[in-house]
Each structure stands twice: as structure tokens, then as C-alpha cells.
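J.: Residue strings, one per chain:
Number of protein chains: 2
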Amino acid sequence: MQRRSLIQRGALAGVLAAGIVPAVHAQAATRWRLASSFPRSMDLLFGSAESFARKVGEMTGGRFQIEVHAAGELMPALGVLDGVQQSAIEACHTSGIYFVGKDDVFAIGSSLPFGMNARQLAGWMTEGNGGKLMGEFYGRFNALNFPCGNTGATVGAWFRREIRTPRDFRGLKFSFDGMAGRVFRALGGLPQKLPAGEIVAALGKGVIGAAQGSSPYDDQKRGFQKAAPHYQYPGWWSGGLQLELLVNRKAFDGLTPEYRAIVEAASAFAQAEMQARYAARNPVALQQLVGGGTVVGGFPRPVLEAAFKASMALGRELGASNAGWKKIHDDYRSFQQQQLFGARHSEAPLDSFLQSVKW
Amino acid sequence: MQRRSLIQRGALAGVLAAGIVPAVHAQAATRWRLASSFPRSMDLLFGSAESFARKVGEMTGGRFQIEVHAAGELMPALGVLDGVQQSAIEACHTSGIYFVGKDDVFAIGSSLPFGMNARQLAGWMTEGNGGKLMGEFYGRFNALNFPCGNTGATVGAWFRREIRTPRDFRGLKFSFDGMAGRVFRALGGLPQKLPAGEIVAALGKGVIGAAQGSSPYDDQKRGFQKAAPHYQYPGWWSGGLQLELLVNRKAFDGLTPEYRAIVEAASAFAQAEMQARYAARNPVALQQLVGGGTVVGGFPRPVLEAAFKASMALGRELGASNAGWKKIHDDYRSFQQQQLFGARHSEAPLDSFLQSVKW
Chain A
430 MQRRSLIQRG
440 ALAGVLAAGI
450 VPAVHAQAAT
460 RWRLASSFPR
470 SMDLLFGSAE
480 SFARKVGEMT
490 GGRFQIEVHA
500 AGELMPALGV
510 LDGVQQSAIE
520 ACHTSGIYFV
530 GKDDVFAIGS
540 SLPFGMNARQ
550 LAGWMTEGNG
560 GKLMGEFYGR
570 FNALNFPCGN
580 TGATVGAWFR
590 REIRTPRDFR
600 GLKFSFDGMA
610 GRVFRALGGL
620 PQKLPAGEIV
630 AALGKGVIGA
640 AQGSSPYDDQ
650 KRGFQKAAPH
660 YQYPGWWSGG
670 LQLELLVNRK
680 AFDGLTPEYR
690 AIVEAASAFA
700 QAEMQARYAA
710 RNPVALQQLV
720 GGGTVVGGFP
730 RPVLEAAFKA
740 SMALGRELGA
750 SNAGWKKIHD
760 DYRSFQQQQL
770 FGARHSEAPL
780 DSFLQSVKW
Chain B
430 MQRRSLIQRG
440 ALAGVLAAGI
450 VPAVHAQAAT
460 RWRLASSFPR
470 SMDLLFGSAE
480 SFARKVGEMT
490 GGRFQIEVHA
500 AGELMPALGV
510 LDGVQQSAIE
520 ACHTSGIYFV
530 GKDDVFAIGS
540 SLPFGMNARQ
550 LAGWMTEGNG
560 GKLMGEFYGR
570 FNALNFPCGN
580 TGATVGAWFR
590 REIRTPRDFR
600 GLKFSFDGMA
610 GRVFRALGGL
620 PQKLPAGEIV
630 AALGKGVIGA
640 AQGSSPYDDQ
650 KRGFQKAAPH
660 YQYPGWWSGG
670 LQLELLVNRK
680 AFDGLTPEYR
690 AIVEAASAFA
700 QAEMQARYAA
710 RNPVALQQLV
720 GGGTVVGGFP
730 RPVLEAAFKA
740 SMALGRELGA
750 SNAGWKKIHD
760 DYRSFQQQQL
770 FGARHSEAPL
780 DSFLQSVKW
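Residue numbers (this note's numbering), protein chains in the order written: chain A, 430 to 788; chain B, 430 to 788.
To be clear, the hints were calculated from the coordinates, so they are not data collected in a lab. Errors might be hidden in some of the hints.
Repeated chains share a single entry, so a pair holds when one copy, or any two copies, can fit it.
Unchecked claim - Simulated pairs of lysine to aspartate or glutamate, EDC-like, Cα-Cα distance not exceeding 20 Å: (1) K634 with E591; (2) K561 with D759; (3) K738 with E687; (4) K650 with D682.
In this text the structure is predicted, and so the values were computed from the model without any measurement.
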């Protein structure tokens, strides 16, 4: 790692050629390549990796440099996990949800239908069994996982026609990610495979009737509001999208203990920063969407109940054929229920009062 | 700073005496003293400062050492801000709520009745005007402020007799912190000044009829459940207690840019860790309290409405005599209302559904 970095570093190449290696070693830069699954245009999603890299640079006086590459620059958006696993890159910034094709367990640490919100998931990962269980899982892919951003609960998804009953899903052509897509299919929808860049246009033309966005802030940037009139909440297909910094194990082990601690803390910084950014910007974007004519409406309870039932059935179905899923998912849901018990007697009634009282 | 640290550091003192100063300087330790407002027995509150200090140590290979002192060890629990302001110590770990006697504005970044929850506050501090406004305010006290832990929304407070109507507050002797205490007084309660260590015993003996705890986890440790039977939610006197790392400006300016970034990231790490710890442990403690016979019940809506009205009146009253309060509090409440608009269409309905559905 260090040797390659020295060679890549122009300023030092001349010094190396002059042969004064020992003196140089003390200042040798560690240089990592990080591939993101996100395009630069998704500034908060992509920006979290940049914040992480910038913090590492600041904390090391530029001696540990992390080059952040957007989706497609070094490798395709969804090739980044392979890149880390095969030691082609030292790190990637992504979300497990994109890799359910390899193993459904990836979704658990990232985003599950009717899943935990950001702080509940952090509780499970930090104090519950999530850290150990997901850490072992990522170990199979030669990677260490660090939380590195969470969008928070989204508002909803975009529909050309409002969903009023569970039957409205039948025959509906949609574009939804992994787990959510399977729930929509169970409800009678027809999944359509579309490149990410074509979803908004397909929705606008009626090629599909529904599409998942990610957050009001991002959805507004992508122009969903011009493609479909209905934005329905809540976004039950995810408690909030958790992003992850995945680091190649060998690269991590090759770091000094100081740099390892710096990677962890820089990731925690980026995790908090992204949450704060979405928390601040989503309501503003939502207000603008409403002002622009988007119809923001709730899913009727029977729709939520049908989706919940289908989601729980999917969870059981996956458990029947995937022992790893069953073990981790059972633990996750048990922790989640404890969290719901707590929230019902603390934050939820206060939030609910504050939302309903006349200010 | 560095010179004093060298002198304090035993191992280096001999080296210094031998006169080889230049060689030593490269490895010189920076040593800070941090005074906490919390006792060691409050392991999560106190522990956040320890996590912060440990992370700084790890990231610097022990070259930046922060000695964490519990309340009363170096100075009284509520003397720590003076300590930082007067440069007696480099840093403290506390919460602004304890200093409303100096200026009510301290409460805004810490905990307000019917105030923002942890993530809303983080949004205001990171992306809203909170960072700038509270930063300027702390500047008047010679300090920089970093978020360093949040308990999350608490469950409630302890009452010997259940509160059923706003009139039940009349004549009630209580022990509540600054802002909350003033709201209780406005509702007819009679504030009692008690040292923190005597509150539980006073409640048990009926010297007071009500007391504020901090969280189910901490309250259980302190034995509130043996002193009063009623634990009423939600804890409207605070959206969640925000803790702060306050750093003496001169001490911070004396750090290298690397160490400054490390202080910021270590504090972010500790902030996230404390939130995760409380999120995980509070529901467990609450379940145990219920199992042990504590009566957990909600405040009736007229009680919440009376408390809300009194809290908003207090906010306006303080604004009339404190221009700083008015400016910052108005901005805070405006941000909060935008947050509530967002939550109403995203997390709140999903949480509410998950809490009410049959699993």
C-alpha cells in the first residue's frame, strides 16, 4: 500500500529517485481509492464519502489521502463491493440494499420494509447484536463495515395514480429496489428493470406507473415531481436508507492503529453530517414540492396493512431457505419491537402532540 | 500548552532535565484536563466524555491525552463552564441547561420544553442557523461547543400521585431543572432546591411530590422506582438532553489543525455512541420498571396543552427582556416547525403504524 502510494505521489517520486528513502518514509502518504455507488449529482449521498475522505485528510495533515470516485469512474455503481472484496480498491461507499442479489442479508444492515429507523438501527449496530452479526457477514466479503450516512425516513414514492386500496397495486408497473420490489410484486405489481438514469423519464411517459425515490431532497433534484403527481407517504419500504463505508480487510489491517481509529471516527462524523443534512433539507424540499402542485397524501391503513403482511411473509419466506437471514433478521425484528415499545412511551407521543397542537 | 504538558509528564521530565529538548519535541504529548458535570455512577452520561478522550488518544497514538475528571474531582459539577471560560481547564463535558442562571440562551442548544429532538437539533446545528448562533453565544464564554452525546427523548418524570388534570400541579412540591421548573411553577407547582444526590430520597419521603429524572436507564440506576409509583410520559420538558463538549478557545487555537479535526471527529463519535447506547438501553430499563410495578402512564392531553401554553408563554416572556434569547429562540422554533411538517409526512406515520399494527 505505502510503496504504491509513494510511487503515485509525484512530489515524492523525484525524492525517491534521488535515493533518500529513509528520510522520505517518515512522511510517506497512505493513499486509498474509494469507489462510490452514487453519482456526483446526488450531492448528499455522494458527498458523505467526500466528507469522510476530507475528515481523514484533515486529521492526518494530508498524510492519509482518500481519492473518492463517483459511480462509473473506477467501476460501475454496483461493482464496488466486488472491487473491495477482490482488493482492487481499498474502500467503497454504498448501501447493502444494492447487493441483495448476492445475499438478502445485505438488506438487513441497510434498509428493510417496515424496518428500523436510523437511530434504532444505530442502537442495534452499536449495543445490540447487529454490529457482531453484520460484521461477521461482511467478513465473508473480505470487508469491514462502518456506518457512513443515513437519509432518515423518506416521505414516499411516486405514483401516476393515487393508491387507494391494496388492489390498486395489481398490474401496476413499477420500479422499486430489491426488497421493496418483492413486496410490491407480492401485492400484484409488475416489476420493470430500468437503469437508474431512465426511471424518471419512464414514469413521465407512463412506461411505469410508480417509482421509488429516495428522499424529498433527492427526488426533487431528479425531477420526479414533473413525472408523476402523487407522492404518497409513509415510505414503508424502508425505515431510512443506511449507507456504509466498506473497507478491504487487508487494507484496514495494513493501517497504523491511529489511522484505523481515524477511519472509524471520520465515518461517524460523515454519518452524523448526512443525517443532519437530510433532516434539514427534506422538509424544505417537501414544502417546495407541495407548493409546486405535487399531491402529498397518505396511504390508507388497509394499504399499509397489506404491505406489512406481505413484508413479514417475505421475511419468513427468506428465513426458510437462508439460515443466515433467519438468524440475523429474527434478532433485528426482536430489537425493533423493543424499540417500538420504548418509542411508544417517549418520543412518539411527544412528536404526535407537537404535530397536532396549535402553535 | 505543550510546555506545561511536557513538564507534567513524568517520563519526559528526566529527558528534559538532560537537556535534549529538540529531540523530545517531536514526540511531545499534548495533555488536556476535561471536567465533567456528571458523576462516574451515571455511566452513559459520564462515559461519553471518556469515549471522546479515548478516541482522541487512539487517533493520536497517545500523543494527545485528555484526562477526564468526574464532577467534583477538579471542580464542582456546575463550575466547569467557569473553569473553561477562565482557562483553568482546557475542556468540559456538560449540558447548557445547567447554566441558565447565567443566560437562558444556554438552554436552547441543550434542552427546551416541547423542544426539538436529537436529530432535529442536529439539523439545526449543522445545516440551520444553530451552529452559527450558538457558536457566537459560546464565544462570549471563551468556548467552542461541540455536540457530545444526547440521551434521546426521555420517558417521563416521577410522581407520587398521578397527574390527571392541569390542576394537579397546584401546590405540588417538585424538583425540576431550570426551564422545566419554571413551567411547573407557572402551572402552580412549588419548586424545591435540592442537591442532586438528595432528590430520590426526598421523593421517597414525600418531602417533594414530583421529580424529573433523565432517562429510564439512568432513573432506574438512581432508584426512582422505589421512591414514587408513577412514571408519566411523554417528557415534554425536553426533546432530549443534548450534551456538549466545551473547549477553551485558546487551548483549541493552540492545537495543530490535525488535532483540531480530531477533537471534532472524536466528539461526533461520542455523540453517536451515546445516542445508540440510550436508544438500546432505555426500552430494556423501561420494561424492567414496568415488570417491577412502576405505573407507566400518559399525561392527559389537557395537561400537555396547559404545559405547552405555559412553555410558549415563558419563551415569549424571556424574549421580551433578552434580545439574544428572542433572536435564537425564534430561529429555533421556526426550524422546529419545519421539522414537524416533515416528520408528519415521513417518520411519524410510519412509526405510528408500526406501534399500532399487530406483529
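J.: For each hint, tell me whether it holds in the structure or not.
T.: Status of each hint after checking the structure:
no., hint, verdict
1, K634 with E591, "within (17 Å within a copy, 60 Å between copies)"
2, K561 with D759, "within (14 Å within a copy, 44 Å between copies)"
3, K738 with E687, "neither (47 Å within a copy, 51 Å between copies)"
4, K650 with D682, "neither (39 Å within a copy, 39 Å between copies)"
Of the numbered hints listed earlier, those contradicted by the structure are 3, 4.
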